[in-house]
Amino acid sequence: NAGVTQTPKFQVLKTGQSMTLQCAQDMNHEYMSWYRQDPGMGLRLIHYSVGAGITDQGEVPNGYNVSRSTTEDFPLRLLSAAPSQTSVYFCASSPPGQERYEQYFGPGTRLTVT
Amino acid sequence: AQSVAQPEDQVNVAEGNPLTVKCTYSVSGNPYLFWYVQYPNRGLQFLLKYITGDNLVKGSYGFEAEFNKSQTSFHLKKPSALVSDSALYFCAVRDDRTGGFKTIFGAGTRLFVKA
Chain D
1 NAGVTQTPKF
11 QVLKTGQSMT
21 LQCAQDMNHE
31 YMSWYRQDPG
41 MGLRLIHYSV
51 GAGITDQGEV
61 PNGYNVSRST
71 TEDFPLRLLS
81 AAPSQTSVYF
91 CASSPPGQER
101 YEQYFGPGTR
111 LTVT
Chain H
1 AQSVAQPEDQ
11 VNVAEGNPLT
21 VKCTYSVSGN
31 PYLFWYVQYP
41 NRGLQFLLKY
51 ITGDNLVKGS
61 YGFEAEFNKS
71 QTSFHLKKPS
81 ALVSDSALYF
91 CAVRDDRTGG
101 FKTIFGAGTR
111 LFVKA
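Those protein sequences? They're chains D and H, same order as listed. Sequence positions in the first sequence follow our numbering and run 1 to 114. Sequence positions in the second sequence follow our numbering and run 1 to 115.
Treat the hints as calculated values from the structure; they're not laboratory data. Bear in mind that the values here come from a model prediction, so they are computed numbers and not experimental data. In this text, a Cβ means the ideal position worked out from N, Cα and C, and glycines have one as well. Fair warning: there could be bad hints in the mix.
Derived coverage of chain H by chain D (criterion: at least 3 residues anywhere in the stretch with Cβ under 8 Å from a Cβ of chain D; other residues may be distant) [as the list claims (entries may be wrong)]:
| hint | segment |
| --- | --- |
| 1 | 42-51 |
| 2 | 104-110 |
Label pairs and their calculated CB-CB ranges [stated by the list, open to error]:
| hint | chain 1 | residue 1 | chain 2 | residue 2 | range |
| --- | --- | --- | --- | --- | --- |
| 3 | H | N68 | D | D56 | 39 to 45 Å |
| 4 | D | N28 | H | Y61 | 24 to 30 Å |
| 5 | D | P96 | H | G53 | 20 to 26 Å |
| 6 | H | T52 | D | K9 | 36 to 42 Å |
| 7 | D | Q22 | H | N68 | 39 to 45 Å |
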C-alpha cells in the first residue's frame, strides 16, 4: 500500500490563481480530511468527508472547495489564492465505520501564495 | 464545541530524564483522545489513543498517556527521554456526541531532548 499520497509537494501561486491539491489513499478508508498547518496554530480542519458523495466544513473552510466522487480521492480546490492561504496542507484518512480510529497522514503540500 | 489546549510551546528535557507533554481538552460528550508526533518536513504519525477503559494508555516508542476525566487532561509521558524523541507533538480530540469524525488538534508542543 502507498498509504496517503499528496501532489504536488511544493507549489507557488500568484494571488488570484486557482489550483487543486490532490490527495489519494489506497486503504479503502471512508473518512478523509484536509488540514492546514501554520506556525503556532497547529492543524486546523478545512473540510472533511465521511464517504463518497458526502463532505462537510471544518474550522476554516472559506476559500476552499472539496468533492468526493470516489472513496480513494479527495481533492482540495483553492478558488482564488490569497497570501493568507500560504501554509502547509495535509490530507488524512481513517478506516471505515469507527470514530475511534486514528488518522493516517500524507506527506504534505507546501503552498506559497505571492 | 470541541477544543484542545497544549499550554507549553516547548518542553526541554535532558536525555534519560522523564518527560511530560501536557494536554487538556473540552468536549460535550465523551472524548476520543489522540497523540501524534511530527518530525521535520514529514506528516503526522500516530502515537497512541484513549477511547475507553484503562486510564493509562501505552503507545509507540515507549510513550504513554494518562487520561484524567476530572481534570479533562491527557498528558503524554515517557520514563526516559531519547535525543531522537525531539519533535513536534500534537494532542487531538473527537467528541462522540457532537463531533463525529471531526478531529480538533492542539497548537503543538515542541520537545527538545538534550544529550
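Hints not upheld, ascending by number:
3
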